[in-house]
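Protein chains in written order, with this note's numbering: chain A, 142 to 374; chain B, 5 to 221.
Calculated from the structure, these hints are not laboratory results. Since this is a predicted model, take the numbers as computed values, not measurements. Positions of the beta carbon are idealized from the N, C-alpha and C atoms, including for glycine. Some hints could be false.
As the list claims (entries may be wrong) - So the derived list for chain B, only partly shown, Cβ under 8 Å to chain A, looks like this:
(1) E87
(2) I124
(3) L178
As the list claims (entries may be wrong) - Which bits of chain B does chain A cover? Going by a derived footprint, with three or more residues having C-beta under 8 Å, they are:
(4) 94 to 100
(5) 185 to 198
One-letter residues, chain by chain:
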Amino acid sequence: MATAHKAAASRGGDGLPSHHLDDAFLLDYAAGNTSEAVSLLIATHLALCPECRARAEELEALGGAMLESLAPTAVDHDALSAVLARLDASEEVEPPVFTPPANDEGHIPSLPMPLRGYLKAEPDALAWQPVIRGLEEYELDVGGAKTKLLRIKPGASMPQHTHEGRELTLVLEGSYDDEIGHFGRGDVAILDDDHDHRPIAGPGQDCICLTVIDAPLRLTGRFGRFLNPFVKF
Amino acid sequence: MVADGLAVAAALGVVHNAPPASNTPMASSSPTAASRRRSAHLDDLLVAVAGGDRSAFVELFEHFAPRVKSYLMRLGCDMSAAEEIGQEVMVTVWRRAETFDRRQASASTWMFTIARNKRIDAVRRERRPEFDPTDPAFMPEPEIGGDMAVQAKQETATVVEAIAELPEEQGFLLRMAYYDDKPHSVIAAETGLPLGTVKSRLRLALTKLRKIMKEHE
Chain A
142 MATAHKAAAS RGGDGLPSHH LDDAFLLDYA AGNTSEAVSL LIATHLALCP ECRARAEELE
202 ALGGAMLESL APTAVDHDAL SAVLARLDAS EEVEPPVFTP PANDEGHIPS LPMPLRGYLK
262 AEPDALAWQP VIRGLEEYEL DVGGAKTKLL RIKPGASMPQ HTHEGRELTL VLEGSYDDEI
322 GHFGRGDVAI LDDDHDHRPI AGPGQDCICL TVIDAPLRLT GRFGRFLNPF VKF
Chain B
5 MVADGLAVAA ALGVVHNAPP ASNTPMASSS PTAASRRRSA HLDDLLVAVA GGDRSAFVEL
65 FEHFAPRVKS YLMRLGCDMS AAEEIGQEVM VTVWRRAETF DRRQASASTW MFTIARNKRI
125 DAVRRERRPE FDPTDPAFMP EPEIGGDMAV QAKQETATVV EAIAELPEEQ GFLLRMAYYD
185 DKPHSVIAAE TGLPLGTVKS RLRLALTKLR KIMKEHE
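Whole structure, please, built from the sequences with the hints as guidance.
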C-alpha cells in the first residue's frame, strides 16, 4: 500500500525537483477539488516545478474540453442585457490579492508565491514554536486542513512517526533524507498512515518544509451507511 | 444513490474490468475541420473582447454562458445560483480578457479556469492559491538546446474527441473529477477502494487520453 504513494523520482541536480505530484492530486487541483490548504501546497510546488506545471496545464485543457462538451442550459431571458449593463460599471473590488513582503532587488526569496503571500514575514522572523529538539513549527491559518511550516536543524533526526490521514510535505529550503529517498527544494512527499518514516535533515542549513494534512473523507453518515453495502469488493 | 455507487464502481472497472490498453479504438478519426475552426473562432472572439469588442462579447456569451451554467449546475448549484454565478463569470471574462494568451490556452480552457475559480470563490468561499510567473522565486522552464521548452497548447477540439474515444469507464472517472466535485480521496472513500488503486486508475485514464491525442496529432 505504502508504495502506491511514493512520488515518482526523476532528474535532479539541475535545481529542479525530483519528487513530483502524482496525477491524482494534479487532477483534483485542476478540477478545483482541492481544499485551499492542499491547493496552496500544490501551487507552491508548481512554482518550483516546470514538469508538473506542464501536466497541470494539460489537465486544465481537459477541463476546457469538459466545459465545451456540456449540453447548454438556457440562461435567463434577460441575462445578456443584465451582463452587458454591468460591463461599464466601475471595477468592483476583486478578491484580496496577496501582497508579498517587499524584497531587495535581485534577492530570490526562499519561499515562493503563493506561499509567501500567506506569511507576514520572512522565515527567520516568524514566531516559530519549539516542538522537540531540533524541530520547530509555525502554523498557518488556511482553510480546509492543518497547515504548518516545519523547521528542522541541520543534521537533526526526527523520531520515527506515522501520519494521521495523508500528509503532503513540500521542501522549501535545505533537504532531508528518509527511507524513500533524498528530498530537496521543491520536492513533494505524500505520506499516509501506512507509512512510517524517520527523516534526517541534511547538513549545512535548516530544512524548511510546508506540510498539509489531507485527511481522506470517511463515510460515516446516513449516506455512507446506505451506500457502502453496494460497494463491497 | 445506489445507481451512483454502482456507476462509480463501474468507472473504476471493478464491476467489469477496463479493456486492456492494447484494445485501442479502430482507426481514430481526427477532429473534424469544423470543430477545429470553431475552437479557433472562439479564440478570435476572446482576443477581440480583450480589445473591447462588444459584438464579439455577445457571441462569446451566447456560446459559453449556457455551458458555464450547466457546469455550475452539475457541480451542485441550483438554477438561480448557477444563473447568478454564471453572470459573474461573464462579467469577469470581459474584465480579464486581456490576460488571455491564445498561444498558451484555448478560449474554452481559459473560460473553464474562470468558471472554476469563481465557483470556489462564490460557493466554497475559499481562495484558490495559484503560482505567480513574475515571482523572482518562480522556476522557469529549463532551456533545451537554446530553445525554451514551450509546450504546444492542447486544442480543445482534439481533447473533446479524445475523451469521446476513451473506454466508457475511464471517461466516466475523469468526468467525476470535473463535473461531480469528487477528489480522488472521495472516490476512494465512496467505493471502499484503496487510494492507490484509485490513483492508478486515474493515471491509466490519463495515459490513455494522452495516447489518443498523440494519435490525432
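The hints, checked one at a time:
{"no.": "1", "hint": "E87", "result": "holds, 6 Å"}
{"no.": "2", "hint": "I124", "result": "holds, 6 Å"}
{"no.": "3", "hint": "L178", "result": "holds, 7 Å"}
{"no.": "4", "hint": "94 to 100", "result": "holds (count 4)"}
{"no.": "5", "hint": "185 to 198", "result": "holds (count 13)"}
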